[in-house]
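There are 2 protein chains.
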Amino acid sequence: MFRFRIIKRDAKSLARFGLLITPRGAVETPVFMPVGTQGTVKAMLPEMVSGLGYKIILGNTYHLLLRPGPEIIEKAGGLHAFMNWRGLILTDSGGFQVYSLAKLRKILEDGILFQSHIDGNQYLLTPELSLEVQLRLCSDILMVLDTCIPYPSDREEVKALTQLTHRWAERSLEFWQCQKTEGRAIFGIIQGGMWEDLRGESAKSIGSLPFDGVAIGGLSVGEPCEIRNRMVEISVSHLPEEKPRYLMGIGTPLDIVDAVMRGVDLFDCVLPTRNARRGTIFTSQGLLSIKQAALKEDFSPLDPYCSCYTCRNYTRAYLRHLFMSKELLVYTLLTLHNLSYYGKIIKTIRNSLTKGTLQELRDHLATLYSKYNQEEEDGSE
Amino acid sequence: MFRFRIIKRDAKSLARFGLLITPRGAVETPVFMPVGTQGTVKAMLPEMVSGLGYKIILGNTYHLLLRPGPEIIEKAGGLHAFMNWRGLILTDSGGFQVYSLAKLRKILEDGILFQSHIDGNQYLLTPELSLEVQLRLCSDILMVLDTCIPYPSDREEVKALTQLTHRWAERSLEFWQCQKTEGRAIFGIIQGGMWEDLRGESAKSIGSLPFDGVAIGGLSVGEPCEIRNRMVEISVSHLPEEKPRYLMGIGTPLDIVDAVMRGVDLFDCVLPTRNARRGTIFTSQGLLSIKQAALKEDFSPLDPYCSCYTCRNYTRAYLRHLFMSKELLVYTLLTLHNLSYYGKIIKTIRNSLTKGTLQELRDHLATLYSKYNQEEEDGSE
Numbered sequence: 038m039f040r041f042r043i044i045k046r047d048a049k050s051l052a053r054f055g056l057l058i059t060p061r062g063a064v065e066t067p068v069f070m071p072v073g074t075q076g077t078v079k080a081m082l083p084e085m086v087s088g089l090g091y092k093i094i095l096g097n098t099y100h101l102l103l104r105p106g107p108e109i110i111e112k113a114g115g116l117h118a119f120m121n122w123r124g125l126i127l128t129d130s131g132g133f134q135v136y137s138l139a140k141l142r143k144i145l146e147d148g149i150l151f152q153s154h155i156d157g158n159q160y161l162l163t164p165e166l167s168l169e170v171q172l173r174l175c176s177d178i179l180m181v182l183d184t185c186i187p188y189p190s191d192r193e194e195v196k197a198l199t200q201l202t203h204r205w206a207e208r209s210l211e212f213w214q215c216q217k218t219e220g221r222a223i224f225g226i227i228q229g230g231m232w233e234d235l236r237g238e239s240a241k242s243i244g245s246l247p248f249d250g251v252a253i254g255g256l257s258v259g260e261p262c263e264i265r266n267r268m269v270e271i272s273v274s275h276l277p278e279e280k281p282r283y284l285m286g287i288g289t290p291l292d293i294v295d296a297v298m299r300g301v302d303l304f305d306c307v308l309p310t311r312n313a314r315r316g317t318i319f320t321s322q323g324l325l326s327i328k329q330a331a332l333k334e335d336f337s338p339l340d341p342y343c344s345c346y347t348c349r350n351y352t353r354a355y356l357r358h359l360f361m362s363k364e365l366l367v368y369t370l371l372t373l374h375n376l377s378y379y380g381k382i383i384k385t386i387r388n389s390l391t392k393g394t395l396q397e398l399r400d401h402l403a404t405l406y407s408k409y410n411q412e413e414e415d416g417s418e
Numbered sequence: 038m039f040r041f042r043i044i045k046r047d048a049k050s051l052a053r054f055g056l057l058i059t060p061r062g063a064v065e066t067p068v069f070m071p072v073g074t075q076g077t078v079k080a081m082l083p084e085m086v087s088g089l090g091y092k093i094i095l096g097n098t099y100h101l102l103l104r105p106g107p108e109i110i111e112k113a114g115g116l117h118a119f120m121n122w123r124g125l126i127l128t129d130s131g132g133f134q135v136y137s138l139a140k141l142r143k144i145l146e147d148g149i150l151f152q153s154h155i156d157g158n159q160y161l162l163t164p165e166l167s168l169e170v171q172l173r174l175c176s177d178i179l180m181v182l183d184t185c186i187p188y189p190s191d192r193e194e195v196k197a198l199t200q201l202t203h204r205w206a207e208r209s210l211e212f213w214q215c216q217k218t219e220g221r222a223i224f225g226i227i228q229g230g231m232w233e234d235l236r237g238e239s240a241k242s243i244g245s246l247p248f249d250g251v252a253i254g255g256l257s258v259g260e261p262c263e264i265r266n267r268m269v270e271i272s273v274s275h276l277p278e279e280k281p282r283y284l285m286g287i288g289t290p291l292d293i294v295d296a297v298m299r300g301v302d303l304f305d306c307v308l309p310t311r312n313a314r315r316g317t318i319f320t321s322q323g324l325l326s327i328k329q330a331a332l333k334e335d336f337s338p339l340d341p342y343c344s345c346y347t348c349r350n351y352t353r354a355y356l357r358h359l360f361m362s363k364e365l366l367v368y369t370l371l372t373l374h375n376l377s378y379y380g381k382i383i384k385t386i387r388n389s390l391t392k393g394t395l396q397e398l399r400d401h402l403a404t405l406y407s408k409y410n411q412e413e414e415d416g417s418e
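Protein chains in written order, with our numbering: chain R, 38 to 418; chain H, 38 to 418.
Keep in mind the hints are simulated off the structure, nothing from the lab.
Each statement offered as a hint is correct.
It does not matter which identical chain is meant; a pair holds if it fits inside one copy or across any two.
Pairs of lysine to any residue residues, derived as SDA-like cross-links and limited to a Cα-Cα distance of at most 25 Å, are as follows: (1) Lys112 - Ala331; (2) Lys92 - Glu65; (3) Lys363 - Arg311; (4) Lys363 - Gly157; (5) Lys363 - Gly316; (6) Lys333 - Gly106; (7) Lys328 - His154; (8) Lys333 - Glu111; (9) Lys45 - Leu56; (10) Lys384 - Phe54; (11) Lys92 - Tyr346; (12) Lys49 - Glu278; (13) Lys328 - Lys363; (14) Lys143 - Gln159; (15) Lys280 - Arg267; (16) Lys333 - Ile155; (17) Lys112 - Arg61; (18) Lys363 - Met85; (19) Lys363 - Thr317; (20) Lys280 - Glu270.
Extracted from the complex, chain R is given alone in its bound form (with noise of 0.2 Å):
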């Protein structure tokens, strides 16, 4: 069986400290997902991951669907025995990379007809659809399909979207409903745009389903940050307090710590494993670029405060090298140091949480994090 069970409220904000529990273990939240988009989290081995303390990651329901396919996944057993991951995995629904990614995408009543980026065959990724294709992938948490909005859009485009979303929110409990999921979750998404009446309604909407939990979708796809978190807090006053949150999509640490605060319990980004890949480095000082000259003589780790393998064992100076040599290693050893600084991060919010120091954590935080802001998500990790 899927429970939530909430352990502690912070008395200041609306934050709280719960577990998802599983068939296949339990959760602290708040959590952060890292990012696994085609069966791997980019450069690193499973039991890195692991190591970094994660139990949790995210799979991408679109690029499994594409490539290698669902029923080679199902025929492996799944995606957690696919990849070598003993944790649990939620899935996405593809809504959101058909919607960044694919080529000629058609919003119709039925689903979305689109064209793989990858060999431009054709798809109709209806709800039913993905949702067969996410058990298909043993997914543990599982998202129904929603329609993205862009922003800014107008009012009557984010109504007929949002509508069309609840639809399939129904549709999706319909098909769930005739599936073998025990142990399994089911989440329904929340969109609205950035109209403040159209995200409380679509709130109230998928809030009132019989949901495992519930999704705040639509965010960081070029919002500032203020109404993003306006947003939140809309979608969370409409939500009831006993199912989990999930912001989906973001962010900084700082955001990671604003939502929180506002009542979310579940993140995935692929900032720290993307920025890693791009040489931007999150340290307890705030961010490192490591193609900067002035490290190339810098032997000194990455962060002084960080106990990773990477800032145990190599130099900004060596981590240089390897970037400027675009050498294999330096994508495994940067992205293991932000996802360590994630994990970190994570724990310190939980903690923070239960002393009741949330505001001074976010404090600090915006100081490292204020001017940073997340580009907006193109689904592509």
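Using the hints provided, position chain H relative to the given structure of chain R.
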């Protein structure tokens, strides 16, 4: 002190089982050295390399001279500290890479004038500079600068370049005797092209100088393997028994056993690592291409007789998926497997040598690799 001790000789061939004894540890020979061109064995954590039983790797002086530069590695405490490698390091002289990679190369009496393939900067690599760089890298086994000779070349050219190599060898020893070199070893290099008499003279000449070991250079430049084997035989026949012999840049498992039976002790080659990155896998049944469609639903390991980390945890179908998706993790997993294979081959060679069954092993490897020729070396790893 650096020493080489021969423990056992094969009764049926010239093969020897020996020990390289250095202040940084002892290494059994015949030994295979993975190539770590730019201060990293590509896509491998150093612990993965040592975990496979490797105790010595090769570093490329040409690459490290150009980037990051010997002064940085020296300040880092040497190449071992820089790259977090606790074993031994043999460095080449840079001559071969200048020959194969640099632009506008000109061989002068004093050394080789060339332009960096990275930034076009001009360098004059002399025998003295090569050793100075290798000493600053803190190499355990240093190679003298030699001249590389294209194949085929006319006799006069081969003769002139071989004689220049000999003059450089003598200059190298003069320079060496004025340096702090305790615990380090210096190897001379035989040239002579594919001319039996010139090879023999070169071996006699280099073999008579007070080097700690002797390398057989100028092979794997496009010659048929019968000629190569003959050149190895001639070289070895003129070398002192008590010094270790190193066949540079070679080769397939069959090439290695052939050279072991002709009296060679040390080997390095990019084949296991480069092939891995290109999707060509060494298995107990011969070569396997990871790209082939037949592996799409093949849930067996790369090699059913292999117990490496990759074979214990991943299927051909998964590795093919990662390879087709250009996922970084695959280069690590395939390199680990291929290096595991080479590690087992060289161990089997040592075991067969002590049991007197080298010929049987050679016959077996011939069934797997007699049609597989290593591509011409290009020094790029």
